[in-house]
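Take a look at the letters that make up each chain.
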Amino acid sequence: MTLFFEQILNGLQFGIMLFLLSAGLTLIFGIMGLINLAHGSLYMVGAYIAAIVAEQTGSFLAAAATALLATGVIGVVIEFLIIRRLYFRDHLDQVLATFGLILFFNEAMSWIFGRQPRFMNIPEGLAGTINIASAFPYPLYRLVVIGVGLFVAGLLYALVQRTRLGMQIRAGATHREIISALGVNIRLLYTLIFGLGALLAGLAGVMAGPILSVQPGMGEHILIQTFVVIVVGGLGSLRGAFVGALLVGMTDAMARAYLPILLKQVTDAATASGIGAGLASTAVYILMAIILIGRPRGLFPTHA
Amino acid sequence: MHKSHIFLIVIVFALFAILPGVAALMDQPYLLTVGTKILISAMAAVSLDLLLGYGGMVSFGHAAFLGVGAYVVGILSFYAPVLAAGGWFDGREAVIVWPVAILFSVVIAVIIGALSLRTNGIHFIMITLAFAQMLYFITISLEPYGGDDGLSLVGRSRLAGFSLSDDTSFYYVCFLLLAGFFWLCQKIVLSRFGYAIRGIKQNPLRMKALGFPIYRYQLVCFAIAGAGAGLAGALSANQSEFVSPDLLHWSKSGEIMVMVILGGVGTLLGPVLGSIALISLEEGLALLTPHWMIFLGIILVIMVLSFRRGLYGLLMRGSNE
Amino acid sequence: MNNSIPILEINRLAKSFGAIRAADDLSLQLMRGECHAVIGPNGAGKTSLIAQVSGLLAPDSGNISFMGQKITTWPIWRRSQAGIARSFQIASIFPEFTVGENVVLSIQAQKGHSFRFFRNPQHEAQLAKLAYSVLCQVGLEAKVNARAINLSHGEQRQLELAMALAGSPSLLLLDEPMAGIGSTDSQRLVALLKALKGTVTILLVEHDMDAVFALADRITVMVYGKVIASGSPHEIRNDADVRAAYLGQMV
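These protein sequences, in sequence, are chains A, P and R. Read in order, the letters of the first sequence are residues 46 to 349 in the numbering used here. Read in order, the letters of the second sequence are residues 386 to 706 in the numbering used here. Read in order, the letters of the third sequence are residues 12 to 262 in the numbering used here.
The set of hints was computed from the structure by calculation and includes no laboratory data. Idealized CB from N, CA, C, for every residue including glycine. Watch out, some of these pointers could steer you wrong.
As the list claims (entries may be wrong) - In silico SDA-like links for lysine to any residue, alpha-carbon gap of 20 Å or less:
| id | chain 1 | residue 1 | chain 2 | residue 2 |
| --- | --- | --- | --- | --- |
| 1 | P | Lys572 | R | Thr83 |
| 2 | R | Lys208 | R | Gly191 |
| 3 | P | Lys388 | R | Arg158 |
| 4 | P | Lys586 | R | Lys140 |
| 5 | R | Lys122 | P | Arg601 |
| 6 | P | Lys586 | R | Asp221 |
| 7 | R | Lys122 | P | Ser576 |
| 8 | R | Lys140 | P | Ser576 |
| 9 | P | Lys586 | R | Glu107 |
| 10 | P | Lys572 | R | Asn131 |
| 11 | R | Lys237 | R | Asp250 |
| 12 | A | Lys309 | P | Glu528 |
| 13 | P | Lys572 | R | Ile101 |
| 14 | A | Lys309 | P | Arg601 |
| 15 | P | Lys388 | R | Gly44 |
| 16 | R | Lys122 | P | Ile599 |
Unchecked claim - Selected chain R positions facing chain P (Cβ under 10 Å, derived; list incomplete):
| id | residue |
| --- | --- |
| 17 | Gly66 |
| 18 | Arg89 |
| 19 | Gln92 |
| 20 | Ala96 |
| 21 | Ile104 |
| 22 | Phe108 |
| 23 | His124 |
| 24 | Arg130 |
| 25 | Ala177 |
| 26 | Arg199 |
In isolation and in its complexed conformation, chain A is listed as follows (with noise of 0.2 Å):
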């Protein structure tokens, strides 16, 4: 039973991260039109320069800040340099430019830091578990990331449904044409919701990088999974993001951890684990086949 909440818990930790990393992207895609590949680079490079500032200085806060700091200025330059002339080119083109954009960023990562995944240690004040309920123990950060998620999570729907920004944004993500004939600085709009969600992703790796080994790739591997989340949640909708990443987080928690145990009541230990681990990481594709069958256009579709 400790081992079913327990993967409650992981699955809604992972889809915390997911969120913050898919709010962003669907944001991007949804009002700007842009595919962005380059998303999970920002990612990576919030977790390696909260690494790197944590092991000079040793404070969590400081790392963490500095990382912000560092990929939200990052993610404005990208988008004045490069991302402001894709936005009305062929989707395959922004496809090839973003990929460019990841070979850049996993290597110039790997030169300035080096191939060696680095490990980022828990900040003290956060170590240790605590005991959830009396029942069991549970990694305390882990329970800080879900805080953080669920924090930023609700400043972004304060942002987006009390702010005359947020309302930009929304009729943005509703009526792409319309919003710039209407009078919206279209410009700033779009560079400041790249700027936010390259910020979201920032903070998505700082608070990855204590949990997950920081290295050059980091970024592919969630970006998948973070392009399913807002495929299922619906494109353009924060909504969706939400709901879609702990749908897909929840789903890859239990998958790992249930799969294997019932295989091993069918066949042998060896195989059920190692058909069982690629099982589970097929579960979270499932799903979203299973949901685009019932909703074609996920769960929660913004445009008309």
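Use these hints to put chains P and R onto chain A, whose structure you have.
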């Protein structure tokens, strides 16, 4: 067909034809290996262009068809002693094994296509990717055939009894197969089927209104593309004498797609140019610096921002002036 | 030719979009060879009618029969294969192909299957001949090698019609073919459609009353998805309900 188009084709294939000679003259057998790699990727890229550039179906799981073709070759080679002992057939005879590889790829392509074609847009891209990922994870769990580590081949296939272990002979086999496949695709895109599939790309609703059951044509296009990729996979397995799940990884699909886009979508020759360019850049830059990926990335970005129709468009524009 | 059996029967068709009734217990019959015009104010459901007959839109209830067969559930392409052709209000062509290629593709759709991988259809004598004759009919033969995307707006409309005619349809659905074209072109179009009368049955949705009265054998008037009058041009001209609905637009 445009004169400059034919001229460009002749030049490219002529260069391919003389490469082994040049490699021998320069005493650089390494060039032959790179050349073979280019020929095989070009075949994969051309098959994707048929699907993507002419059919308008952006499949992000093309590597799966390559992988299936490769694994058929690998697995039959694995069982070759057993097959020989039982008097069945030669598990290393290309004339038997390669068509089987193509057949399996076609079957997988038709299955994936049949399911994916129920969707469109980004959902189609994601579904094709999902299927490819499933196949990737399946091959990883194939413990008897190496699983994660991959499977080594006993040796290359024999072509009608002749050994292909000589790199030059193998190169020319790949060259002829690429030339043949390219010619076939050229014919197809200008045939009734080709016009139908291109019409579907431009205006599917109009095609339905004209009386075309578009789903069937798209599915056949998937089959043809799968066949080409399957053959490329079989050749790839032969070249390295090794198959591994990496061949089905989504980054492989991405690489092939990059070749098509870089070279020029919907031009058939473009993907060949893209294959030449990408692999040459990878190999060439690697000689200059271990951090060649940074420069490759920058070059790709610059190319996209500067040229609209890929390398093919660039060369054709130049020749028209 | 048996003129007493309708070639197209629309039976109690109903289609709603939320509160809007595009078709409200709509019944209509077309006789073989006639030119039947459907007129009415905007929002009357005329375009939805064409969409439902061509197969683009599925009705909520009711059925449609073509040449005695119930086609209500048939997909678009199957109706086209049966002989129903449609021209679109906004020209729906193949921009990358030339005018000739556009028309050949339209003919090739109706002349055998297209799972042929070697011969260029532009070189098939039968297709080329038919394509040329259709292009002459609409007056576009001089532009046969022009890329469709480079055609003027009016020429694209001509191509649109050529593509609908190319398959030698039995029933032609025309959705406001006169919209936005000049008087010379509309005169030519009227002459063309007049020449087709008798061989091709035409369902004509139109606002241009001159064209309607020049061409129509019978006219049906629709308002809010309902038929309020149907009969000969003379009867419609003098109908009080029609007058009320149109308020003197027609005299």
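Q. Hints broken by the structure, by number, lowest first?
A. Hints 1, 2, 4, 6, 13, 14, 15 and 26 are the ones this structure does not satisfy, whereas the remaining hints hold.
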